Amino acid sequence: DSQQLAGLPIGIKALAACPAKSVKRGEGQSQVSVRFADIVFVPGHHLWADADGIAVADSLLT
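Numbered by this note's numbering, the letters in the sequence shown go through residues 8 to 69 in order.
Hints were generated in silico from the structure; no laboratory data involved.
This one's a predicted model, so the numbers in the text were calculated from it and none came from an experiment.
Just so it is clear, CB atoms sit at the ideal spot from N, CA and C, and this is done for glycine as well.
Keep in mind that a hint or two might mislead.
To be verified - Once the Cα atoms are required to be at most 25 angstroms apart in a straight line, the calculated SDA-like pairs of lysine to any residue come out as:
| no. | residue 1 | residue 2 |
| --- | --- | --- |
| 1 | K28 | R42 |
| 2 | K20 | G60 |
| 3 | K20 | I46 |
| 4 | K20 | D59 |
| 5 | K31 | V41 |
| 6 | K28 | L12 |
| 7 | K20 | L67 |
| 8 | K31 | D8 |
| 9 | K20 | R42 |
| 10 | K20 | D45 |
| 11 | K20 | V63 |
| 12 | K31 | F43 |
| 13 | K20 | A58 |
What the hints assert, rightly or not - Between beta-carbon pairs, the in silico distance windows are:
| no. | residue 1 | residue 2 | range |
| --- | --- | --- | --- |
| 14 | I46 | S9 | 15 to 25 angstroms |
| 15 | L68 | K20 | 10 to 20 angstroms |
| 16 | A62 | V30 | 24 to 34 angstroms |
| 17 | D8 | D59 | 21 to 31 angstroms |
| 18 | S37 | A64 | 17 to 27 angstroms |
| 19 | L67 | G14 | 25 to 35 angstroms |
| 20 | S66 | A27 | 36 to 46 angstroms |
| 21 | T69 | E34 | 36 to 46 angstroms |
| 22 | S66 | K31 | 30 to 40 angstroms |
| 23 | H53 | A21 | 13 to 23 angstroms |
Start from the sequences and build out the full structure, keeping to the hints where you can.
Next comes the structure, spelled out in structure tokens:
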């Protein structure tokens with residue numbers, strides 16, 4: 008999937024590729040806050056990503 012993701016017109020960040028088939032258990036949640044690398048991602052916030060990094064804001068930046 009990493010080659011397909013690299014061709015998308017959006018910024019995607021990952022620590023590494025992990026070629027393993029996923030298992031669907033129906034245990035996921037939506038509209039919840041999550042934390043990665045000491046950054047909290049909150050539903051409704053905005054995220055921008057490119058080759059230089061990631062920016063997260065609680066409103067659109069102008």
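Each hint tested on the structure:
1. K28 - R42: The hint holds at about 24 angstroms.
2. K20 - G60: holds (8 angstroms)
3. K20 - I46: holds (13 angstroms)
4. K20 - D59: holds (10 angstroms)
5. K31 - V41: The hint holds at about 20 angstroms.
6. K28 - L12: Given pair K28, L12 holds - Cα atoms ~16 angstroms apart, limit 25 angstroms.
7. K20 - L67: This hinted pair holds, its Cα atoms lying about 21 angstroms apart.
8. K31 - D8: holds (17 angstroms)
9. K20 - R42: Distance of about 14 angstroms is within 25 angstroms: holds.
10. K20 - D45: holds (15 angstroms)
11. K20 - V63: holds (13 angstroms)
12. K31 - F43: holds (22 angstroms)
13. K20 - A58: holds (8 angstroms)
14. I46 - S9: 15 to 25 angstroms: At roughly 22 angstroms between Cβ atoms, S9 and I46 fall inside 15 to 25 angstroms, so the hint holds.
15. L68 - K20: 10 to 20 angstroms: Holds - the Cβ-Cβ distance for L68 and K20, about 19 angstroms, lies within 10 to 20 angstroms.
16. A62 - V30: 24 to 34 angstroms: Once the Cβ atoms are compared, 33 angstroms apart, the range 24 to 34 angstroms for V30 and A62 holds.
17. D8 - D59: 21 to 31 angstroms: holds (23 angstroms)
18. S37 - A64: 17 to 27 angstroms: holds (21 angstroms)
19. L67 - G14: 25 to 35 angstroms: holds (26 angstroms)
20. S66 - A27: 36 to 46 angstroms: holds (37 angstroms)
21. T69 - E34: 36 to 46 angstroms: holds (39 angstroms)
22. S66 - K31: 30 to 40 angstroms: For K31 against S66, whose Cβ atoms are near 35 angstroms apart, the range 30 to 40 angstroms holds.
23. H53 - A21: 13 to 23 angstroms: Roughly 20 angstroms apart at Cβ, these two residues keep to the hinted range, so it holds.
Taken one by one, the earlier hints all hold for this structure without exception.
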